[in-house]
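Novice: Starting from the known structure of chain A, arrange chains S and V with the ligands on it as the hints suggest.
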Amino acid sequence: MAIIHVDGKEFTVDGADNLLQACLSLGLDIPYFCWHPALGSVGSCRQCAVKQYRDENDTVGRIVMSCMSPASDGTWISIDDAESKSFRESVIEWLMSNHPHDCPVCEEGGHCHLQDMTVMTGHASRKYRFTKRTHNNQDLGPFIGHEMNRCIACYRCLRYYKDYAGGKDLGVYGSASRVYFGRAEDGVLESEFSGNLTEVCPTGVFTDKTHSERYNRKWDMQFAPSICQGCSVGCNISPGERYGELRRIENRYHGTVNHYFLCDRGRFGYGFVNNADRPRQPMLKRDGQFATISVDDALLNAANLLKTAKGVVGIGSPRASLESNFALRQLVGTGNYFDGHAAAEGVLVKRIAEVLRTGPVPTGSLRGIESADAALVLGEDVMNTAPRVAMALRQVARGKATQMAAEKHIPEWQAIAIADIGQHHKHPIFIATPDATRIDELAKETIRAAPADLARLGYAVANVIDPASPAVAGLDAATAERAQRIAETLLASTKAVIVSGTGAGSESVINAAANVAWALHARGKIVELMLIVPEANSLGTALMAAPSIDEAFKAIESGKADTLVVLENDLYRRATKARVDAVLAKARLIVVDHQMTETAERAELLLSAGSFAEADGTLVSNEGRAQRYFQVYDPAYYKPDTKIRESWNWLHGVRAQQLGASPVWEQLDHATAEVAAVLPVLAGIVHAAPGAKFRITGLKIAREPHSYSGRTAMRANLSVHEPRQPQDADTALAFSMEGHNGVQAGERPAALTPFAWAPGWNSPQSWNKYQDQVGGHSLGGDAGVRLIEPAANAPKVPAYANHVPEAFKARAGEFLVVASQHIFGSEELSAKAAPVQSRIPAAHVALNAADAEALGLADGVLVDVLIDGLTVRLPLQRRAELAIGTVAMPILPGVPFTATGGNAKISGAARA
Amino acid sequence: MTEAVLKLADLVAGHPVTTVYVMSDEERHEIEHCLHHYDDNRAASIDALKIVQKKHGWVPDAAIAKIGELIGIPAADVEGVATFYNLIFRRPVGRNVIKICDSISCYLTGYDEVRNAISAHLRINLGQTTADNRYTLLPICCLGACDHGPVAMINDDTHRDLSVENIPALLEQYK
Amino acid sequence: MTTLAETKPLTANIVAGRAPLNLKEYSAAGGYRAVRKALKEMAPGDVTKIVKEANLRGRGGAGFPTGVKWGLVPSMEKSPGSRYLVCNADEMEPGTFKDRLLMESDPHSLVEAMIVAGYAISATRAYIFLRGEYIEAAKNLNAAIAEANAAGYLGKDILGTGWSMDLHVHTGAGRYICGEETALINSLEGRRANPRAKPPFPAIAGLWGKPTVVNNVESLCNVQHIVNNGSAWFLGLNQGKSKDGGTKLYGVSGRAKKTGLWELPIGTTAREILEVHAGGMKDGLKLKAWLPGGASTDFLMPEHLDLAMDFDTIAKAGSRMGTGLLTVVDDRQNMVSVVRNLEDFFARESCGWCTPCRDGLPWTYKTLVAMERGEGRPGDIEMLEKMTRFLAPGRPFCAHAPGAMEPLQSALKFFRGEFEATIRKQSPKVAA
Ligand SMILES: Cc1cc2nc3c(=O)[nH]c(=O)nc-3n(C[C@H](O)[C@H](O)[C@H](O)COP(=O)(O)O)c2cc1C
Ligand code: SF4
Ligand code: FES
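Chains as they are written, first to last, in our numbering: chain A, 49 to 960; chain S, 97 to 271; chain V, 8 to 439.
Simulated from the structure, these hints should not be mistaken for laboratory data. None of the hints are false.
Each computed PhoX-like pair below joins lysine-lysine, with the alpha-carbon atoms no more than 20 Å apart:
id	chain 1	residue 1	chain 2	residue 2
1	S	K150	V	K146
2	A	K175	V	K373
3	V	K373	A	K180
4	A	K456	V	K205
5	A	K133	V	K393
6	V	K85	A	K456
7	A	K175	V	K393
Bear in mind that the values here come from a model prediction, so they are computed numbers and not experimental data.
Same shape as in the complex, but just chain A (with noise of 0.2 Å):
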């Protein structure tokens, strides 16, 4: 703490912050470039600039840049000083000289940082009368524009994408006045965090292309507080909606979960929901083809399907709310509720949540991560299963920049002396896994095997920590001097993080990652454990412990029922295709999803559902977190005709239907409160945000900005009348610009922002008036609720796991199914956004090159993959480090569902 003198006024401040920080988190407004609270300061703008005194005496003072000034106790500043304004206007001016002036036809428009620092510092007339420099443009490929006139020369996407991001192909070329941030020739930006730099770029640069062809204004929009479905980690999104399409997704500032930055799964993957396809009223089939019938018609046949079968089973689904599943499981009764897992993900699903719910380590945040000194990946290659964990895990590595600079007493936010001091060396990250990961480079060590023998690794880890865990019997010795390695290492930082998951498809990893966690906490170590799941809800449906798929199939095939209820699973991706067309041969198939998947094709009743965008309801990220995501947008404002209700209204209503009585449930509020008076686990879950009833001085919260546009035309194709705006009876959000809008001080809580706007902030960076300091928390606590910590009642000695597993052996002509998992393409819903799919990889079978050399196959081939009687073919990729005897089947569209875990037999596909 530290006391500061702004323009004779005193505060108290964070001592260790410059002095820029410490005054925007006064809520003080001073202009700024190319400092950014994730990025740190560089002091290349210019723009900061204030008069700092050497005490109350000196009147003369002298300019200095704020960002690059520590706020050091007994500091006495002026912002208002006239000479530093009019330093900063002419920083303005100069930064304008090159600058097209084309706001007009600029992307950025509207949120635009560079536009409110212009308009902050009050530069109005140009007075430049020379030429203005120009440049070309790149290509970046289908996600970022690329418009280099606009260039201002802060750096901060270069700071972004190579030093934060670990990105290696953008640069910054030439010199002097023609500086030039780009790739070295043409073609898509590599990173999976490009996305970041549309909102890292404080002016038109970089702008979001899967925005550019349907385009409007951020004023013209209107967005929900929302989750990301791409992934298990739960990052706040800020989708924003025009003429009832989702035209972009923002970053939604999380204190304790993504704070500035998402992956590119999560901002550009949201196409799904404009998909044309999409079922948009409910359809019976009829004659084998669908017939649009109304919300009655399609509730009072549901009905007579349940009514009339000789049993019902209902599978729920990971990507699908709480408050879905659970009105399915009322709907078909406890005992016929499955959770949608496919049966071995199931198993290890559940496996995680108990041990997160019964271990004595707390389950890791993003942010939680971040500030660990050393990190086992044990099993899971999470830049593709959890992209965001991977940026995470490379601010661990960074970190040890950081504590060698302060070493020498260099703070924080000194990014570039941090980085000169840092050089190569890093925090110390293993990454054990079946196949070499992008981001192996932060490795201080990468070890690539099998499951079992990953598994076998993190037990010797967890024993070499705490003997009292179970020791590996026939451990080879250098698996044994490597777990000495790694075990000494995580012994030896202050803080240690243990990241797993489903990925490797093994029990027996997540347990020996478990252990490795629990045996540091027994040493009195601080640990968090991450462990990723495959989908948005995966650990929220995990927690409703209910028997996964396989059993609801069994119920089918043995002909115990008759009747199959579907929320939002396309079965053929968790089953093999022979087996789910053989359950469905023998079952009546309800379907309620937002996407027509193959499994909605075959139904005999489909229900038009609401996708996130579409939809309130409540997730549990991998951290245990519910978080709730609302409704962005009403489709049948605009389109009258679209019949489209959230599943768990549709699902109640059908079981109201049934019991021939009204809903019980109203609004959203209704469902959730139920699903936690009945499941004790999510009791916690009603208060992941604030009900319907919340008000703002007597006011529900806009989900427009206050200068959103056109709304008297926007329906006049149907009507010139400009009808009621829909009411949201569910949450206490607004479908208006009307409602309360703005940022007053710890009013507004951070689970219903739906978008960051402040007065004279308009792009991101106004997420900086949403925290209690500037990166730090939400004003008011973080949104959600942590459901799980650690158990207060756990055993001192942890109930350590001891089923060791026997080492891999590879058995001739036999290959271990391991999965390979892509961000783009392996998860089902981005994969239909037509952005994405460009990025999607050609599918491969993937050997290990000496592997492949026994059998004689050479890279590119066709192969046939027999797994469990079916033959999958694809071409063959040689790879240097996927485990030997382990075969990576890509989790991709149109590769047909294979189980990992199974043997399959390859052999070189005949000639077609």
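Specialist: Only chains S and V with the ligands this time, still in chain A's reference frame:
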């Protein structure tokens, strides 16, 4: 007087021209040898660019990635360095590169006349290459021979006390 | 009897037209004595101490005391591991041509200096950051280093002291900003030569994040003589003309009669340098203004010629001694064009890192071009004045842009009429 705002960096850091480039063993060995001089491989990036340029006259596109690979840094970083420095050419130049000092002392002692004389003799402006590919004319900063201005370098040779009269004979020495 | 080495230590070995001394000749002339003396008889701290006592001030332009700079390097106990000595031989300040002579004509002198300086800071490696255009200097330095290596003055376990240091010539690829010491460090690391923020100073975190000392060629070349002859001798070299010690390489360029470079007592007056050593202006020309030490110093006027050329005296007169090499502007020049030439240089050589320099200098330059063409407009002079205020030290990121403002602000001060004439749509040449 310098007509347009001609900048050496502009001239050489323009849009790259693509040609086929294969790194010779000799270049590779020379670059690898440089690595020993430093405690970090990146430091050899400028040496590497100069080695390639010595051999080819300029640095072709393909060499950028190759150098990056060899010293273990991204191509974007190599390009960032290549386009920053005045003496690295990212476009083809003539067989002989004339670098004429346009800094203050030479300016005061007759730079304009000498540059005009060269331009007239070769029929090229700053930044241009003669049609026969024999000369490229570039401006350069103070060459540290100010007491003998105007000064120019042709390839590796520094020529002092230039005058309009001695230009033709001087240029003729370079084939 | 005083030898040349005792009165003109920097240039005693330099004879015009003669090849530089090789190791044998250099040793015969008393070379490498200081290496033996320092390494055998002195602790590293003693070397720093004597240089501090000699009040050797950096000859790179800023005049920072060399011994003090060395003293900032943390002790081996506090910061073990690598540490570096870097010689700034990027000489690119327009109007400066002193380091070139030292390196081309007496390379062993710099090599010896660096061994002594390296010993003082316990350097593990040393680099000469040489500008790429100095082909002959590179050749001669490399030859000298090879000889010094062979003689055991460099490399492992030098003279059996257990101390080891490599010396390597790194040639640059051309950019003025590489002369700024932190930009130089970035360049040496193979990066773009953007300056770094200070603090941390290079002595704490420099090359590869390790303690580093950067010194100018001329500064270093004094060191062995101070070790040999003592600080009192060095202080006496000024012949009472200055508070500072030593000799200084002074020179004159522009339209003077006998332009050239001379080693003289520090504090010699500009008049003596111009009128005695350079023989005055060329016939028919009058001195209009002069830059005391490079493009980034303020113009002084003929009435300033009697000032002693040392750091403090010239600073008091509103300029900087800089590199101490005078550039004289004759009365046939118009100042708008002269300043335009200077600003063209600075705008072109900006590294592009910070806004005032990157975007302010081109604007300045373009305004001057317009004025030179008689296209000045009302407000232009005020705009230029604003630049001089807002590009003053501390406002841009480094000292490059402030350097650019020095000739501009002084030209506006002394020759405002020439600038004003352009706004009356007159060519500046006819004004005065
Ligand atoms: C833009 C700029 C260019 C510089 N160029 C040089 C140079 O070419 N040679 C040099 O020795 N110092 C140059 N300096 C000064 C150096 O930063 C540094 O002060 C000097 O090398 C320190 O050496 P000294 O203490 O021995 O003088 C330059 C400074 C600036 C700001
Ligand atoms: S003043 Fe700024 S742009 Fe200019 S050289 Fe220094 S850091 Fe670079
Ligand atoms: S924000 Fe401080 S200099 Fe850019």
